[in-house]
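**Q** So the chains spell out like this:
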Amino acid sequence: MSGRPGLDGPADEDEPERLYVITRGRSGPGGETPFDLVTLIVSRAEPKATMQPEHAAILRMCASPLSVAEISAYLRLPTSVVTVLLADLLADGLIEARAAVPPADFPDRALLEAVIHGLQRL
Amino acid sequence: MDFRDSDTLVGPSGADRLPATAAKAVKVVIVGGFGVGKTTLVGSVSEIRPLTTEETMTQAGVGVDDLAGVERKTETTVAMDFGRISISDELVLYVFGTPGQERFWFLWNGLFEGALGAVVLVDTRRLEVSFEVIGRLEDRGVPFVVAINGFPDSPDHPVEELRSALDLPPEVPIVACDARRRESCRDVLMALMRYLYNLAAPRA
Ligand SMILES: Nc1nc2c(ncn2[C@@H]2O[C@H](COP(=O)(O)OP(=O)(O)O)[C@@H](O)[C@H]2O)c(=O)[nH]1
Ligand SMILES: [Mg+2]
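Chains as they are written, first to last, in my numbering: chain A, 35 to 156; chain B, 66 to 269.
These are calculated hints, taken from the structure and not from any lab test. There may be inaccurate statements among the hints.
To be verified - To give a feel for the contact side, a few chain A residues facing chain B, derived at Cβ under 10 Å: (1) E80; (2) T84; (3) I92; (4) L109; (5) A133; (6) G152.
Claimed, not checked - Cβ-Cβ distance ranges computed for the label pairs, FRET-style: (7) B:R82 - A:D126: 20 to 26 Å; (8) B:R114 - A:A79: 24 to 30 Å; (9) A:P68 - B:V224: 41 to 47 Å; (10) A:P68 - B:F99: 32 to 38 Å; (11) B:R245 - A:G59: 54 to 60 Å; (12) A:A144 - B:F99: 55 to 61 Å; (13) B:R246 - A:D142: 27 to 33 Å; (14) A:A83 - B:R245: 29 to 35 Å; (15) B:D154 - A:A79: 21 to 27 Å; (16) A:G59 - B:R82: 31 to 37 Å.
Backbone N, C-alpha and C define an ideal beta-carbon position, used for all residues, glycine too.
When you get a sec, could you build the whole thing from the sequences and use the hints?
**A** Here's what the structure looks like:
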């Protein structure tokens, strides 16, 4: 398995318990969540020492925009746990969530043109 | 965990940070059987070292011989590799490579919702793996292209033979791919985007 910068070691047996503590027993927002895997999160406040460590870690890493999937990867937390934490931060006005993808049947042509143009330069 | 009790910085290194102007992100999903080259493809096109995100999936057990009618639940953790391509200062494309156990990644909430489309990576030595994948994408209405990953001992099927073997409608593009080569993977993504472009209604 690749790609967990700065963190190592496998998830241990206390994993379910650890996740329960982090979310204070709340499960992921079922079904309806304002967060897509690629919603970009940007901090609007500095982390404080009094905050839950995971909240502070998110504020720190989202000094520049970061997707929900990237936050999940860096924190090594399931996305359903991350979205609970993000919902807290959003409710407190501590983060901004940018442009979840429009759930249109088909994306519009201007967007696709932009992606094609960008890929051409890859 | 380091981030709980130390000053260790968790998060992207300087070079992996998006510009503050990044305003919108879109995603595509790479699907295919185990060992077909998904992780390789993600790594080939990504501007960051591929990352891994995971989710715990709960699935009702297949309690056929469960006469009591008690629904058993099975929990599985599914990990997924993904990479990132900055399209412009505002727009970012994420590429997700789904894990091998197809039964589980279709349960992943929000993976296919909002995705622009999908790439089905096919290993012609194991075509049968692709049937279920293609069927599920069709059921979900996720538009996709098929990329044939060539391995040294792959039989050399003409494209139209593969199309009929995979029971693909004539409009679905089939392209050749070497997941280890960036330009080749870029061309696969371009084929998907052009296909989506043709599906999209012209602006009124
Ligand atoms: N010849 C060839 N080998 C490939 C290609 N793509 C992947 N491989 C190799 O196939 C193996 C499995 O690839 P991987 O990306 O891990 O497959 P995944 O299980 O779908 O993520 C690796 O050893 C790759 O180096 C390809 O396009 N051509
Ligand atoms: Mg893989």
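**Q** Any of the earlier hints contradicted here, and which numbers?
**A** 1, 2, 11, 12, 14
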